[in-house]
Amino acid sequence: MSDNKTTIGLTGENKEVIQRLLPHFNEQRDAAKFAMALSMKQGHDPDQITGTETVWNTGSFDPDGKLRDLLYALYPSVQNPYIAIEYFVNQGLQQLSVHLDENRDLDILEIIE
Amino acid sequence: MFRIIEIQLQNFGPYKGSQSIVLPRDPGVTIIYGENMRGKTSLLNAIRYALFGTILSRGSRNVAPKEIVNWESQEEGNYSFSVTLVFESGDSNYELTRQYRPKKSVDEPRTEDDYTEEVFLKKDGSIMGPDDQTQQISRVLPEQVSRFFLFDGELLQQYEELLIEESDMGRQIREAIERILGVPILKNGRADLVKLLEDAESQVSKAAQNSQLTSELGTQLETTQEQKRHLEKDLNKLIKDKETLEDDKIGIKAELDKIEATRSKIKEIEILEEQVEEIDSKIYTKNEELKDLMGHAWHVVLMDKINERRSILEQQEADIQDQRIEKSVAKKLAERFSEAISDETCPICRQEIDSEHKSHLDSEIDNINGMIKSDGGEFSNNLRYVTRAIEGLRSMEQSNPKMRISDKIFEIDTLKAEKATKEDRIREVKADIDTSEESRAARLIRENESTIGKISVKKEAIQEQREKVRIVKENIENLREQLNKVSGDELEDEKERSQLYQDLVRLFDKGVEKYRDELRDHVEQDASDIFVQLTTEPEYHELEINDNYGLSIVHESGDKITIRSSGAEHVVALALMGALQNNAPLKGPIIMDSPFGRLDEGHVRNIIETLPNLTENIVLLLHENELDIEDARNILKGKLKKEYSLQRVTARHTKLIAGGVTDV
Chain A
1 MSDNKTTIGL
11 TGENKEVIQR
21 LLPHFNEQRD
31 AAKFAMALSM
41 KQGHDPDQIT
51 GTETVWNTGS
61 FDPDGKLRDL
71 LYALYPSVQN
81 PYIAIEYFVN
91 QGLQQLSVHL
101 DENRDLDILE
111 IIE
Chain B
1 MFRIIEIQLQ
11 NFGPYKGSQS
21 IVLPRDPGVT
31 IIYGENMRGK
41 TSLLNAIRYA
51 LFGTILSRGS
61 RNVAPKEIVN
71 WESQEEGNYS
81 FSVTLVFESG
91 DSNYELTRQY
101 RPKKSVDEPR
111 TEDDYTEEVF
121 LKKDGSIMGP
131 DDQTQQISRV
141 LPEQVSRFFL
151 FDGELLQQYE
161 ELLIEESDMG
171 RQIREAIERI
181 LGVPILKNGR
191 ADLVKLLEDA
201 ESQVSKAAQN
211 SQLTSELGTQ
221 LETTQEQKRH
231 LEKDLNKLIK
241 DKETLEDDKI
251 GIKAELDKIE
261 ATRSKIKEIE
271 ILEEQVEEID
281 SKIYTKNEEL
291 KDLMGHAWHV
301 VLMDKINERR
311 SILEQQEADI
321 QDQRIEKSVA
331 KKLAERFSEA
341 ISDETCPICR
351 QEIDSEHKSH
361 LDSEIDNING
371 MIKSDGGEFS
381 NNLRYVTRAI
391 EGLRSMEQSN
401 PKMRISDKIF
411 EIDTLKAEKA
421 TKEDRIREVK
431 ADIDTSEESR
441 AARLIRENES
451 TIGKISVKKE
461 AIQEQREKVR
471 IVKENIENLR
481 EQLNKVSGDE
491 LEDEKERSQL
501 YQDLVRLFDK
511 GVEKYRDELR
521 DHVEQDASDI
531 FVQLTTEPEY
541 HELEINDNYG
551 LSIVHESGDK
561 ITIRSSGAEH
571 VVALALMGAL
581 QNNAPLKGPI
591 IMDSPFGRLD
601 EGHVRNIIET
611 LPNLTENIVL
621 LLHENELDIE
631 DARNILKGKL
641 KKEYSLQRVT
651 ARHTKLIAGG
661 VTDV
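In order, the protein sequences belong to chains A and B.
With my numbering, letter number 63 in the first sequence gets 63, and the count goes up by one each step, no holes.
With my numbering, letter number 418 in the second sequence gets 418, and the count goes up by one each step, no holes.
Don't take each hint at face value.
[Unchecked claim] Subject to a maximum C-alpha distance of 30 Å in a straight line, what follows is the list of computed BS3-like cross-link-like pairs (lysine-lysine):
hint, chain 1, residue 1, chain 2, residue 2
1, B, LYS267, B, LYS422
2, B, LYS637, A, LYS15
3, B, LYS402, A, LYS66
4, B, LYS430, A, LYS15
5, B, LYS291, A, LYS66
6, B, LYS265, B, LYS66
7, A, LYS15, B, LYS402
8, A, LYS66, B, LYS305
9, B, LYS430, A, LYS66
10, A, LYS5, B, LYS422
11, B, LYS253, B, LYS430
12, A, LYS15, B, LYS66
13, A, LYS5, B, LYS267
14, B, LYS253, A, LYS15
15, B, LYS373, B, LYS195
16, A, LYS66, B, LYS408
[Stated by the list, open to error] Calculated from the model, a selection of chain A residues having no Cβ within reach of chain B, i.e. all distances over 12 Å:
hint, residue
17, THR7
18, GLU16
19, THR54
20, ARG104
These are calculated hints, taken from the structure and not from any lab test.
Cβ atoms here follow ideal geometry from the backbone N, Cα and C, with glycine treated the same way.
Using the sequences and the hints, build the whole thing.
This is the structure in structure tokens:
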């Protein structure tokens, strides 16, 4: 198991999506984690994404390493959890973009139910 | 004697079309019966409107005349109403008409500005000019004392104003009562004498200036007198200004009352807007709390997945533990096999083990060792991974904020719904507000506050000015004494004249006081007599009057009853009306709306028996629950002169029917 990825980034498009989510969160990081969880819940397999621009370093994104441990627990085959996390964050933001277009606003209950 | 002969109504309130009431000329009582909402208060208002142009609601508030136009006639396109009062006062006959109609340029009136009011007063058949009309009406019945003649049982709180020493309304009523009781005649006489005294004093100082001995003192006296005149003039102006401001304040209050509906709507909007602000603030706080919770929302989203994974891992953990036990058992078995080979004896049956069995046991031992060694540490690593992963996942389950997020969203949604309801109401009320009245109300509120401030400034200025007058009067007195010493017998005529006027002013001062005191004593005595006849409480001994003609009930113990019931208030008000009728040069009808609503049977009987003694012309507007018609006939007998009933045609149309209820 290797932790050698040190940053998490967003695609240009997802930077805009996260701005739309911001009224519901204290900070972008919380929205990103929410998006990541949605993507994981949908059953997507871990992957990696290209074309992102760094937004967080992994130390600030996952200060207590909980996410990393979660990735290891959920996906034993994952070698670098932060690569997978970056993928899930961006993938989830895409889903939320569709959700926002359909609902005009974030329907939290619909997502957490 | 002011006596109403006929009331003619045209589309006034529920009285659609032209209708009239003719009152008997003989002294006695007229009863007009009507159920609730048939128009009894409207009849009282019709008289009030004809005389003063005002209409009062149940809450003592002025009602806009446009609200009074008969609804059905309005729907038929007729927006006018009028009231004609035929009455006699002194030796003359009068016909007073007040008409309210849309301005000629307006087809469909909407606001008060779209209407105009016209008043016509005929005296003995000749139409009077506008100024004469107003003067004549205020002579017949000053508006400020009309409450003692046009009596609304529901407006009893007005009479308590007279008990409040500092009340502006109380001052106005007291002045009006004194006016009809004749006090101003003496006051005017005193004012004339003061003027004559000033002239006489001026002559003293002028005469003193002609003598060498007294010239200097005379000049000083004249200067000081002049100073006093200026100071008094300023003082009078200040007092007048203050009174004008107080009258303005009452006027503003009346205006504010007129647009009370708009004011209360504005107030409602203000309150609603404040509530919306409060809700916004709560929503903001709850949103902030929700945002904090949303920092953990990813746990919630993944919870199912986490649970599922945890179950799998727990199963794996159990499998690993099973394997671990299996290996441990196998290891123990291999050890026992080794012991058996070494001892060449079976540890269970104690028989010797032959070489064939030894070889078999060796082979089993090899198999077991092979199995134990085969995982190469992976076994332990797997267990560590699984155990750690399970612990991690369990810790996430414990911090699941799903319920708190759902609750918070529910709380926010509830607040948003509440806010939307209030905003709807704001829109509704705003749409209902006459915008011209909205700005008028705001202006009047500002004016009211400004007037209160000005009155306070004037009061301080009056106090200062009174002190200045007192000092200058002292100076004059000193100069006069010096002049008396120096002048000897000179200026005798002037001094005598001055002294005479001084004595006369004092006499009038005392006279006004004495007359006032006697009037008050008479009013107090008469009111007490009437009160004792009316009240059913034998321990209530008398009434005590204050400077404002407010009456307090005195218990036989001598204690004043400080808090009195509305029933007692009612009886006291009637007693005052009767006493004023007895003592005022002006005598008039008593018209009472719902007079017995708050009274018990004993009081009603007492009042009915006493009423015909109060004045000649009495009209009672009643509903049957207040007084049974047969009881009224039995008590009043020949003093009951006429009966009318108010008959419903529709909810918006009442017919006046001559004759008693049973006759209809």
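Hints, one by one, checked against the model:
no.: 1; hint: B/LYS267 to B/LYS422; verdict: holds, 14 Å
no.: 2; hint: B/LYS637 to A/LYS15; verdict: violated, 97 Å
no.: 3; hint: B/LYS402 to A/LYS66; verdict: holds, 19 Å
no.: 4; hint: B/LYS430 to A/LYS15; verdict: violated, 43 Å
no.: 5; hint: B/LYS291 to A/LYS66; verdict: holds, 20 Å
no.: 6; hint: B/LYS265 to B/LYS66; verdict: holds, 18 Å
no.: 7; hint: A/LYS15 to B/LYS402; verdict: holds, 27 Å
no.: 8; hint: A/LYS66 to B/LYS305; verdict: holds, 16 Å
no.: 9; hint: B/LYS430 to A/LYS66; verdict: violated, 55 Å
no.: 10; hint: A/LYS5 to B/LYS422; verdict: violated, 53 Å
no.: 11; hint: B/LYS253 to B/LYS430; verdict: holds, 23 Å
no.: 12; hint: A/LYS15 to B/LYS66; verdict: violated, 63 Å
no.: 13; hint: A/LYS5 to B/LYS267; verdict: violated, 63 Å
no.: 14; hint: B/LYS253 to A/LYS15; verdict: violated, 62 Å
no.: 15; hint: B/LYS373 to B/LYS195; verdict: violated, 136 Å
no.: 16; hint: A/LYS66 to B/LYS408; verdict: holds, 25 Å
no.: 17; hint: THR7; verdict: holds, 19 Å
no.: 18; hint: GLU16; verdict: holds, 19 Å
no.: 19; hint: THR54; verdict: holds, 21 Å
no.: 20; hint: ARG104; verdict: holds, 15 Å
Violated hints, in rising order: 2, 4, 9, 10, 12, 13, 14 and 15; the structure is consistent with all others.
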